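J.: Those protein sequence lines, which keep their order, are chains A and B.
The first sequence maps to residues 1 to 379 in the numbering used here.
The second sequence maps to residues 1 to 263 in the numbering used here.
No wet-lab data here; the hints were simulated from the structure.
Predicted model only: the values in this text are computed from it and were never measured.
Just so you know, nobody snuck in bad clues.
Residues from chain B that face chain A, not an exhaustive set, calculated with beta carbons under 8 Å:
1) Y39
2) V41
3) A59
4) L120
5) T124
6) G215
7) T217
8) S225
9) R228
10) F229
Don't be surprised by glycine CBs; every beta carbon is placed ideally from N, CA and C.
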Amino acid sequence: MKKSSLTKNGLILMMAVSFILGVLAGPLNAASKYKDYPVPKACLDAVKKEGSKLYVYNWAEWWPQELFDDFSKEFGVEVIFDYYADTEEVVAKFKLNPKAPYDVVLGCSPFNVMVLKPMGIVSKLNYDWLPNVKEYMIEGYTKRAFDPGNHYQIPDSGYATLWAYNSDKVDDSVPGFHTWKFLFENEKYAGRITMLDNMYDVTGAALKSLGYSWTSDNEAELMEAKALILKQKPRVMAYDSWPRRAQVEGEAWLSGTWDGDAWLVHNEDVPALKAVLPEEGTLISANTDFIPTGAKHPAAAHLFLNYLYRPEVNALLIETIGYPPAHKHTMEFMSDEMKAWPGFILPEGYMEKCDSDDERMVTGRGKEIRLQIWEELKR
Amino acid sequence: MKRKKIAPKILAGLSFLVYFFLWAPVIVIIIFSFSANRYGVSWDGFTMKWYADLVQNAAVKDALIRSTIIALVTVVVSTLIGTLTAYGLFKLHFKGKHFLRTSTLLPIVMPEVVTGAALLVFFTRFLNLPLGYPSIIIAHIVFSTPLAVFVILGRMQRIDWAWEEAAMDLGANRFRTFTRVIGPQLMPAIMAAAVLIFPWSFDDFVITYFVAGIGSTTLPIYVYSQMRFGATPIINTIGTLFVAVTIGALFLSRAIEKKNAGR
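Make the full structure from the sequences, and use the hints.
T.: Shown next as structure tokens:
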């Protein structure tokens, strides 16, 4: 994967500085100024005892391959991959086969964990084997109601649902542009809009646009959201969670998406693509990793999660996937352009307008009503 | 008079449409797999870059090797079982034969989702078979063998069985008769079955998706899983590869049939 030029420049600068100071050897990476806290020997012994293997379940072609290759080389652990195309697929897989022997599942959402945990599929983490995570996790991420202290999952990065637009085709100077309301109610760009193919994100955005909570399970509020979604439907060209092709070909001008996916398309394909962090607020959540109870190599999984929070490894991950870090120091090494991208550093007071993960959305009435809305929408 | 002339034209037009929709997407994929366009959606000049990327992509390469191994094992086992089954169904007379013969069609008429889900539950809850190569290969044999049975049965109906009687009259036992007399006559059909089964197994997505374990991702499953972040040009090259394998197999099967008919 391509490194941003700033990091390259940073590297060159570091090299020059180290040369001048006569500092010898050591990894020439800006992030290495922060200490790596290795796992205790007990963990490494357990890794060997398990057979030095790690079965990873992840999105295909997302995370940088060198991150896994380096891990493999350093610890002598063979990494075996399996890939999914959607986190709903992960949930379905574990429902059919609860003891599926994956050692670590990467890139899920907290909602997946909320659904899987009561089924006994998510195992508890051993923080003695996660010293980097303990040291470097941004404090806010350790206080989330669904898993205080992150005992069952570890966020590897944050994410926010937002919408993106092609600034060559769309006039962003109209008043009220930077809102969910504009995405749902504007008629000017009918047929040029894509929305996420995900009932939680579409209903959530509609609820925010109406001034309610993203995770509401109030029937009257959800019915209002439903009316808004159905009214918007004729103007939507597709419900598509990965509208990259349509964005690249200039078919889709406004798209519901996630901050990191929008960054990726902006950075690699369509420089004119810009993102809107809606004024009404949004859902602030995280890309989450967990160890299933069927894991045959839990020590290797801990070793990997601890490795993931090593400062330079985390910087490599975040730079590639383009989602805001959950690691205290990683943001310092990102390019200014990335820091300025909506969702990376939230504006003062914005967090108060946002909602975070809440079980009421994915269980009971909250889920039932959303399913009904979605079925009616897709009919 | 006028009506007579219109009908063939309509038929020709319809035929053209059928072939157009059959071939156009395939040709588009093949052409764009050589296009320098980064998104594989328009022609920006000739390049082999995506094929180089494909070869360098370890995940794709592993998946390709796995799919090939699975398809080869499936071909060998399915044609073997298929030949024996067809021989038994053709030569022997026993109660329930008709039922057995019809029921070999089951994997073909059953929706793949049903077969896949049923096999998954069967493997994990009843047999305790770990998911991976064994489960995939067994599943593939299940849906491939009927093809072999029916291709070979068709050939058996055209064999002159007097040869078999003659061989046995002359002192050859049943096994020797089969290997020396009947077997060679069935060979074209067995080969035809093999080249039909190879792409059938190589391309299967639905059933494999259910029974695949960790580290046994086949190529079709990989293609599906990388639709979010994957680069489109590589998908085009994989598509071209599939078309080449499938069409290659079909031509091979046609050639074998021709040779067979010429005997």
